[in-house]
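Visitor: Listed below, chain by chain, are the residues.
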Amino acid sequence: MYDIAVIGGGPGGYTAAILAAKKGKKVVVIEKDNLGGTCLNWGCIPTKALVHSANIFSELKEAEEFGVKIAGAEIDWTQAQKKKDEVVFNLTSGVGGLLKQNKVDVISGEAEIIGRNKIQVKTSDGNKEISAEFIIIATGSEAIMPPIPGIETDGVVTSKEALSFDDIPEKLLVIGGGIIGSEMGYIYNSLGSEVTVIEMLPKILGNMDEDCSSTLKSKLEEKGIKTLLDSKVLSFEKNGKEIEVKYEKNGEKYTAIADKVLVSIGRKPSLKGVSEIGLKTDRAGIDVDEYLKTNIDNIYAIGDVTGKIQLAHVASHQGITAVKNILGETEKMDYSVVPSCIYTNPEMASVGLTEKEAREKHKNNIKVSVFPYLYNGKSLTIGNTEGFIKMISESKYNQIIGIHIVGPCATEMIAEATMAIKLECTAEEIAGIIHAHPSLTEAFMESAAGIDEEAIHAVSTLKV
Amino acid sequence: MANIVIMPKQGLQMKEGTIMKWLVKEGDKAVEGKPLFEMETDKLTIVIDSTFTGVMLKIIKGEGEVVPITQPIAVIGEAGEDISDLTDELGGDGNKETEVEIKADDLKKEDKVKKQEPGTTVNKDSDRIFISPRAKKLASEYNIEIQNIQGTGPNGRIMEKDVVDAKNNSPKITATARKMADDLGIDEKDIKGKGRRIYTRDVARMANSSQDVTKSDERVIPITSMRKVVAERMCQSQREMAQTNHKIKVDASELVRIREANKKQGIKTSYNDIIVKMVSKGLMEFPMMNSSWTEEGIVQKEYVNMGIAVAIENGLIVPVIKDADLLSIEQIRDKSSELIEKAQSGGLESMDYTGGTFTISNLGMFDIDEFVAIINPPEAGILAVGKMEYVPVVKNKTDIEIKPIIKLTLSYDHRIVDGADAAKFLSRVKQLIENPYLAL
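Same order as they appear, the protein sequences are chains A and B. For the record, in the first sequence the residue sitting at position 102 is 101 according to numbering that gives the first Met the number 0, with numbers rising by one throughout. For the record, in the second sequence the residue sitting at position 264 is 263 according to numbering that gives the first Met the number 0, with numbers rising by one throughout.
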């Protein structure tokens, strides 16, 4: 009898398991595939490894400007793949090591909850039955493949397969202009593919702050990525080596040709093995309360399968919160301050309310300060002046309620932004913190100062 | 050349003075013969004039500090003059003087020191707060009220370390939460954060609990006009009368007997109807219980209008049986059931519930043993009737009999009725209930 059984060894599951073990609980993790889940194996980590290859290659093209001549730079796709796999292997075996060190049992197999405290696991050597006082469901999500005619066509793939194409496709078509689509589009564009993104909605990165998503869109377009908005894919059809993709835009029908098609329109909860015990679910996933408890008392759910925010760091935090609640604390999950990052070039990162959300929530009583990287010394030295830091405060207390960054190191800078919002910082408080010179973070300080029209290196940063 | 201002000696007995207020601030101009500061000795408060003309370069001893005579308290000189040599000589920020001060204080407060536990003194209650200059400066920098700092030095003197401790122990609050608290007029110290840091949600919760009750787990019920009347009359009663009460147990065997007898004849009588009759009789015999306190004097009534407290939905109403003393039990029963029915259906007219001279409230049907009722003004008393209960009663010292017992509690207005009279009335009521034929 285990104290806690965790189904799924992704960032949510393994984090929960390790914390519970550290607190002296007897824990088992059941994983049907590799430890680390989507994030480490087929998501965040391998993408970022490839993004790094793409970034190096892009930067080489600009090296000459800084006095570095590089002749004959070329992509070795096999090596890039090898490096990516190495990183993945390092991290996933690292997770295995951590679990082992914390004396967490790991069972490899497919789990099915067959009772309040009982799980049946299909392993390579037959079925095993384990029992546990508490169960944490962390089965994650899988890519949605919409029922479009020809979706099963060879070469129409999800992000998982798109990370391991045999060759860099000449023509890549990306269906869905969300985060995954944008990152993948950026990678293959940098590596030489002709990339077209087809988005059903009138904008890409629909949930992101408008200024940011439109800036990123034009930056990506400058790099040669074609974006087709308001476009609906009708069918896929193999034609020799190529795939013909029929789509509709403004009532007109078009055909696009591609070697590969990436379908990245979203992810759905993986409910296999958990659906038979009367758990309450909705379209988004398993229904959990603020304490991450399901409708069954001793069963908790965390991560993508809860359909809250599909991000690894949210899953990990949910894992920690669920374990604390199992251990007798009463901690609510707070989703209000969650950073999200897009690893393109320029990078984009965001936390808190978008301008639109802020305007609605505070009935337009907000101040928006936009400080361009162009006025930042460090940006100039690294030759990367694209983008801005946009800071939104409510007018009454000057409390910072949203920060959106497009530009170099956005995904690192968002940490300070997250802390500022979580700790309810006011604009003047951030402006009063000494930031190192020269650094990109000075732009962060200046955008805060700009809320009160006190940015030194800009005439005015306030957005009217 | 800078001049040092010292604590002047005012009178032969003066050993130290407290600086109450600097009238010239640092950087401002001091003029010879013009007021420089206010100070207080154990005898007087006095304004001291400056003996120098120049710019106030440094105030060494701040307001509220107790300084022995002849000790330096300020430096006056020329604007921009370098006085570092001078202040070094004086011991920087005055640490040297602190030592001296402490000694002086020790001597003065010697006996007090013995009583005080070192390290537990809070300076709150004492008139004077002993604090080192450095600590004082720090406290003002941190915006901490020195009254709230626990001093650990001799005599509970606040030292620099104490201020730092106070700052570290004060609740951390986010910048936005602080502004919000200021805005809502909430004292930071009153806010309890869930963790170690106070967030806006904590301030909001505090604001909700202190300012409005629209929290999700509470609801606001509008106050009906009946509720208002009840509230006003109950408060008026408690506010204006000198209410007290007597209790008595009554053997209700005769009530039971009458009720059973009537039942046999097909007449339904309630115990309360009989009690109304008996109390009315008693009131006629003790008119002080049947009176009202007015400005003109105590108004005695030669009639009994008996109020009967009736619980209705969301309130209480007291319909009145007029001239109850003249009615038979049957008539009382008819009138009372008519009024109760009207009360419960909302059909009472104002004449039905005004003009009462005394009230009976019966909670026996709710299984209440006994209770104290609040007098319905302007009446002088109210009789609270508990449930009837069969209990063993000792008769003739040795015999035990089972008797139906009712507990009566008489609340009376002691402005009108004294205890002995009230007691006589209550025992008469008991006698009447136990021997109803006396009233029939």
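Think of the hints as simulated: they come from the structure by calculation, not from any bench. C-beta: ideal position from N, C-alpha, C; glycine also. Careful, some of the hints might be misleading.
Under 10 Å between C-beta atoms, here's a sample of chain A residues computed to sit facing chain B [said to hold, decoys possible]: (1) Q398; (2) T425; (3) E428.
DSS-like mimics (lysine-lysine), calculated; alpha carbons at most 30 Å apart, straight line [claimed, not checked]: (4) B:K178 with A:K395; (5) A:K202 with A:K225; (6) B:K171 with A:K22; (7) A:K395 with B:K394; (8) A:K421 with B:K171; (9) A:K421 with B:K267.
Just a sample of chain A residues kept apart from chain B, beta carbon distances all over 10 Å, derived [what the hints assert, rightly or not]: (10) A70; (11) M144; (12) K218; (13) G239; (14) T254; (15) L310; (16) L422.
Visitor: Now look at each hint and say whether the structure bears it out.
Guide: Evaluation of the provided hints:
Restraint check, A:Q398 versus chain B: the minimum CB separation of about 4 Å is within 10 Å; hint holds. Given the 10 Å rule on beta carbons, the hint for A:T425 holds: about 4 Å separates it from the nearest Cβ of chain B. Hint on A:E428 holds. Least Cβ distance to chain B is approximately 4 Å, under the 10 Å limit. Restraint check for B:K178 and A:K395: the C-alpha separation of about 9 Å stays at or below 30 Å, so the hint holds.
Only pairs whose Cα atoms come within 30 Å are accepted, and A:K202 paired with A:K225 is accepted, the gap being roughly 13 Å. Distance hint between B:K171 and A:K22 is fulfilled; the C-alpha atoms sit about 29 Å from each other, no more than 30 Å. A distance of roughly 80 Å separates the Cα atoms of A:K395 and B:K394; the hinted pair therefore is violated under the 30 Å criterion. In summary, the hint linking A:K421 to B:K171 is supported, as the alpha carbons are separated by about 14 Å, within the 30 Å threshold.
Note on A:K421 and B:K267: the hinted pairing is violated, with a Cα-Cα distance of about 73 Å set against a maximum of 30 Å. Distance check for A:A70 against chain B: the nearest CB is about 54 Å away, which clears 10 Å, and the non-interface claim stands. A:M144, annotated as away from the interface, keeps every beta carbon of chain B farther than 10 Å; the closest lies near 42 Å. For A:K218, the condition that its CB be more than 10 Å from all CB atoms of chain B holds, with the nearest at approximately 33 Å.
Its beta-carbon lying about 62 Å from the closest one in chain B, A:G239 satisfies the requirement of being farther than 10 Å from that chain. No Cβ of chain B comes within 10 Å of the Cβ of A:T254; the nearest lies about 55 Å off, and the non-interface call holds. Under the 10 Å C-beta cut-off, the non-interface status given to A:L310 relative to chain B holds; the minimum distance is some 23 Å. For A:L422, the requirement that its beta carbon stay farther than 10 Å from each beta carbon of chain B is not met, with the minimum near 5 Å.
Checked against the numbered hints above, the structure violates hints 7, 9 and 16; every other hint is satisfied.
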